[in-house]
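S.K.: What follows is each chain in one-letter form.
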Amino acid sequence: MMAVELGYYGLFVALLAAAWATIASVLAAASRERGLQGSAERSLVVSFAFIVVAAVCLEVGFLSNDFRLDYVFHYSSVSQPIPYKIGALWGGQSGSLLLWVMILGAMSVIVLWTNRRKNRALMPGITAVLGVVVTFFLVLLNFVESPFTLGPPRSDGVGLNPQLKNYWMMIHPPCLYLGYVGFTVPFAFAISALANRRTGDIWFRTTRRWTLFSWFFLGTGILMGSYWAYIELGWGGYWAWDPVENASLMPWLTATAFLHSVMIQEKKGMLKVWNVLLVILTFSLSIFGTFLTRSGIISSVHAFATSDIGPAFGLFLGIVFFGSLALVILRLPDLKTEARFESLVSRESSFLFNNLVLVGIAATVLFLTTFPMLSELATGRKVTMGPPIFNLVNIPWALFLLLLTGIGPLIAWRKATASSLRRNFLLPCATGFWVLLAVFFLAPRAYLAGVADLVRTMASLDVAAAFDRLKIFYPALTFALGAFVLGTVALEFHRGIRARRVQHGESFPLALGLLVWRNKRRYGGYIVHVGIVLIFFGIAGSAAYQKEVVHELSPGEVLEVDGYQLRYDGYRLEAIDDHLGAVTEVSLFQDGRRVAALEAEQRFHPNMVFPELRDAFLRARTLSREDPRTYQDAVARLYALIEHLERGAGREVKTPSTEVAIHASMSPLAPTRFGEDFYLTPLWVDPGSGRANFRVFVNPMVNFIWIGAFVLVLGAHLAVLPDARERKRLAVTLALEERAVA
Amino acid sequence: MRDRAGILVLLALSLAPFTLGPGDDAFQREYDLAARMILCDCGCSPQSVHDCACGRAAEMRTEIASAIRGGKTGTEVVDGYVARHGEKIRICPTASGFNLLAWLGPGVALLVGAAASVLVLRRWKHTSAKRDEVSRAAPLAADDPYVLRVQEHLKEYE
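Just so you know, the sequences run in chain order B and U. Position 546 of the first sequence, counted from 1, bears residue number 546 in our numbering, the numbering being contiguous throughout. Position 33 of the second sequence, counted from 1, bears residue number 33 in our numbering, the numbering being contiguous throughout.
So that you can see chain B by itself, here it is in the shape it has in the complex:
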């Protein structure tokens, strides 16, 4: 009881402290009173401390099975494994909000600490913005969606959604939140810079690492979510264009645009308005993502976390977005470009087009995600926006972006001459061309037929069919453009290494190491590009060449799928943790050689609210160490009991889930299969006979996505590492701006 009260009042004290931090910092900004600003900063720290107290109290509730707490009752159960009890904090609405505000509180404290001796003129504005956001979330947690609401005493809880009981799902939301929340910091700096008419370089140079950090975590969170979907949902894919997936992709795209366009402002003092707008857009889209997840205005697989806080988020989003826009308009005279623009064929314009496409894809995703609402408003008809339209409409944009990824790093600043274009692009273009030709000659007839088919369809003015006919060309174009980008990156590395070897007489590994280490940001960026290309390869290969078979097998039977032989060896029934299930044991052969032993499982999570079922399940679970036959019989009886209860209740008393089995071909000795997954899901298993219905996918190149993700992480880490030259540059900028203001 003590923990519940402490948590409840802790949140209230945190709210008071955050509200005071906001008021005091606004007063400090108006009066330039240092004492008030100090008070504001200390209050924000106090607010964070009490948020942590509340989060710890809620975790105590989970770990001590305090089911009087409604939140604990809904997202935990006695039998829930401890890691999932801890992770259940973000399994639902109010806990997610608490995690969000706790991360924001921590980041606010870091911002206050790292800027305790610098950027003092900007700090009141920054503290005010951070304070407003923290206060908003704490108002929700105190008055709309409290995690400390008490209900009647209960002996057990409903438990976490079974699909969330997965290692990746435990780290995916915090990772995403680090990304979403992190964008608050550059946003706060930008708003403060605008409010204080200090629109120079300081705000974006100081927050460069914050932006990269948030971009990295949001991207990693998205990839983790994709991996979770791939290994958990059993449909062989990793991206379903679910509204909430889209909501995380949009700010990532605009942040990517910002990371590129800010280089133009840094080097040339251009695109100042655009950069401020991108930061505002990125932060607003982060809030929009939460609005979409929580409001339930659009149906989503993430519906497990919906509630009625949508209007509050909508209002907050409106104030943030339009208020910030008004401030930008007010400060337009301060945001004039400094440099001159010389040529359309230059890195500046290539970056501008890169921004156009990135923001264009984000806008397309936003438009298509919200199109059902628009359609209902305009025509009164509801429509569904499933994966096909997102894929068909977005792929051409994505391919154009891939092309620009190759052009950007090699094209000259200011003005590219014909000879520099030839020197820089001849080899990469040749690489792309040869790859295109090679892919074409793998299936020339199919491509020629595809062209004829496309022309026919376009002549018939069937738009959807024309988009569909284009699909056949996408893999070839992706591989060719990807090869072009890899060619540009290889050329950049080659030139850099050669220059170092000529100038300093260094060995190849030393020249490579020093080249990257002394230009971490630049070469880190190139490595990120390589990661992105690999991800594109993975998506193209797995989407275009996926094979699928659904087949029923009895133990002992064999199934042939795309060069693999699957032998269903047998099955066993289990009742462990909080579920019962049938584990199918399968041997996988290739060319008569056994390459893997796989276990795929079909699970049922019994609803523990039925005492009869709960007792039978717990009894069966205790038999796991007894005679195997007795144990199997006990689990089989559970299946029968569930059927019986469902007949009586007229509804499901279990939640099904699957554990897929995956065999990845990662041997370089079989290059044509490299990166391929053999993916197995049991759709249904008869507990008596073991006869099972298997869904099998062969996903070529899918592992390129995860390898690409790893490369991307490596590159991003390199780019974010501290750099002495950059620190020096920041110090110079600070001094220059202070001089200019004085």
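Hint data in this document are derived by calculation from the structure and do not stem from the laboratory. Among these hints, one or two may not hold up.
Derived list of chain U stretches under chain B, where covered just means 3 residues or more per stretch with a C-beta under 8 Å from a C-beta of chain B [stated by the list, open to error]:
| no. | segment |
| --- | --- |
| 1 | 79-86 |
| 2 | 91-98 |
| 3 | 107-114 |
For every residue, glycine included, the Cβ atom is placed at its ideal position computed from N, Cα and C.
Model the placement of chain U on the given structure of chain B, informed by the hints.
M.R.: Quick look at chain U alone, frame taken from chain B:
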């Protein structure tokens, strides 16, 4: 036990479309067309009946297979679903009427955006050229932000 047998029969039926011989190409084509176009109404993320891994999708696959075995084409099956459940049962909207905005809008926006960008860049180029002429006549002041920025960059290379 009878219930279990019932479930097995239902499942066997749901497997029918996936266990066909090579002579059933026409069936498979029509079945694929319908199963990939109809939305699984299980309420999760928008997935077609073909892709969704849930129990409801299995039931719907059985319905579609039976309808096609009964002599309907894939398009007729989709039309039947649309008549019963409305347009939202399609995995994505048809490319006609207001929906054309969804299909063509982004592409048109890209072209318009690209054209606008080219125009903006040309204007910048023109303005820069003009400014150059002016600056040639009157050199920049020593405390001009651009000069300070250039000095800062030059210092890095010293």
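S.K.: Now tell me, hint by hint, if it's right for this structure.
M.R.: Against the structure, the hints come out as follows:
| no. | hint | in the structure |
| --- | --- | --- |
| 1 | 79-86 | violated (count 1) |
| 2 | 91-98 | holds (count 7) |
| 3 | 107-114 | holds (count 5) |
In the structure shown, a violation is registered for the earlier hint numbered 1 alone.
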